[in-house]
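Protein sequence lines correspond, in order, to chains Z and B. The opening residue of the first sequence carries number 2 in the working numbering; numbering runs sequentially from there. The opening residue of the second sequence carries number 91 in the working numbering; numbering runs sequentially from there.
I should point out that these hints are in silico values taken from the structure, not numbers from a laboratory. Glycine included, every Cβ here is placed at the ideal spot set by N, Cα and C. A few of these clues could be false.
Now the stretches of chain B that chain Z is said to cover, found in silico as 3 or more residues with beta-carbon under 8 Å [what the hints assert, rightly or not]:
1) 98-104
2) 123-136
3) 145-154
4) 168-181
Quick look at which bits of chain Z chain B covers, simulated, 3 or more residues with Cβ under 8 Å [as the list claims (entries may be wrong)]:
5) 55-62
6) 87-96
To give an idea of the interface, some chain B residues facing chain Z are shown, with a C-beta separation under 7 Å as derived from the structure [said to hold, decoys possible]:
7) T140
8) E141
9) Q142
One letter stands for each residue in the lines below.
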Amino acid sequence: MLLVGTTKGAFFFTSDAKRKKWKMDGPHFPGESVYSVAYDSRGGRTRTFMGTQSSHFGGTIRVSDDFGKSWVGPERQAVRFPEGSGLSLAGVWQIMPGRPDEPDVVRCGVEPACLFESRDGGESWEPVKGLLEHEHRPRWQPGGGGLCLHTIVMDPKDRKRMGIAISTAGFYRTDDGGKSWRPRNDGVRAVFLPNKYPEFGQCVHKVVNHPAKPERLFLQNHWGLYRSDDWGDSWQDIANGVPSDFGFAMVTNPNDADTVYIIPLQSDQFRIVPEAKLRVYRTRDAGASWEPLASGLPQENAFECVLRDGMAADALDPAGIYFGTRGGKLYGSADDGDSWTEIADALPPICCVKAAVVER
Amino acid sequence: MAVSVIVPRALTPYTRGVGTLVVDEPCSTVGDALAAIATRLPALTDRVLTEQGEIRRHVNVFVGDESVRFLDGLETKVESGTVITIVPAVSGG
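Same shape as in the complex, but just chain Z:
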C-alpha cells in the first residue's frame, strides 16, 4: 500500500506483492494539502494518519482504521501549542509511529518547528518541552517551506535517543528521552551563512538511518551529502559521483543497511533533476559510490522535482522503492530500484509518499 499526500488531497494506492498493477483510491480531503502520512501496524492496528492542512481553516491530524473508508476526528485541533507560547500550528510535516516496544506512542514534527508526542495512539498530543523551550529557538530561521521540524530518526536500541531535523536549524539529538537536545552538525556546511560550519543553523533536508545500524546516519543537506557513523557527532562528505549534492528525498533500503537512495536536483536556484533526466541514485556501499537508476524513467524533458518526503521504500524483498514528483507523477520499482514503472501520471503536486506492507 502506498499513501500519497498531495497539495490537493491524499490518495491510497494498493497492489498485490508483485507490485505491478495498482489501484487508486482518492482523493481524501480534496482541496487540503497533505504533507505528512503514516501507517501504524503495531499491536494489530491498521491505522492511517494524515496531516491535513486547509489553507483557510488550519491543520490537524486525521486518523482512519479502515484504510480511508472512514475518518475519525479529532474535530478539535488536537496538535496545538500551549496558550501563551505565541506559537500557532501552521502544518504537520512528519508523523512517526513510535518504537515497537512503545505501541501507543506516536510523534509528529510540525511548523513552527516543534516535536509533539502522543501516548494514546494519536488521539491527544503534547509538545516536547525540551524543543518547545529550546534556547536556540529565537535564532532558528525559516527555510523556503517555513520553519519546520520535518524529520524524526529513532534508535530502536535506545529508547532515550532520538534525532530530529529542522529547516533551518540543523540536526539535533536527545540522549535523555527528549528533555534536552544538542545540535549535532559538526562538518555539515551552511553555504548561505558567512560561517560555513556553525554549531547550528544548517538547512538539513532529510536524515535517515537503518534500524539494524541506527548510529549510522545519512543526511541530504541544502548542498551537501553526508554520513555520520556516530549518531551525528561528526559528519563526512559522501557526494562521490553524484551529479549534484543538492536535493531533498532520501530513503534507506529496509533489507540492506548499506543501501540508500537519493534524487539529486540541479541547484537551489533550479530545483529540477539535472539535465532534465529523471534519475534515482543508489549507493550500495554506504556512500562510497553512487550509481544512477534510470531504467523506465524519462530521460529527456523531465523537469521534475521530488520533495523531502516524496520517496519511500517497502519492506518486501526485493524492496519496492517509490517516489512522487511535484509534477504529479508517481513511480515505483519492485526490484530495489533497478527498473521503474509509472503508477500514476496526473496527480496534484506530490508532497509525500509512504509505503506499507499490509496483509489483507
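Given chain Z, work out where chain B should sit, using these hints.
Same frame as chain Z, but now just chain B:
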C-alpha cells in the same frame, strides 16, 4: 434580540449543519460572541481562530459589511441585532 453569526458552508460540518448561529448570551464584542460559540461548538472556533486566539490569516470576519481587520479586530463592538459573517478569504491555489 441576539447576535447572529453566519457560517460558511465549508464549516457547517462543525455546526451540525446550521448556517446561521444565534448567540443569546450577553456579549459586547466579536470576541465575546465567538467565545460564547466556542463553549458549544469548539471545533468551529478552532477553524476560525488559532490556538493563540487570533483570527486565522485566511479567514475574514465581518461585522455588517466591514471586516473586523479594519475595525477593532476581536474587540470590535457588537450589539443586539448585529450580524457577524465568517468568510474564507479569497486565497488558495
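*If any of the earlier hints don't hold here, list their numbers in rising order.*
none
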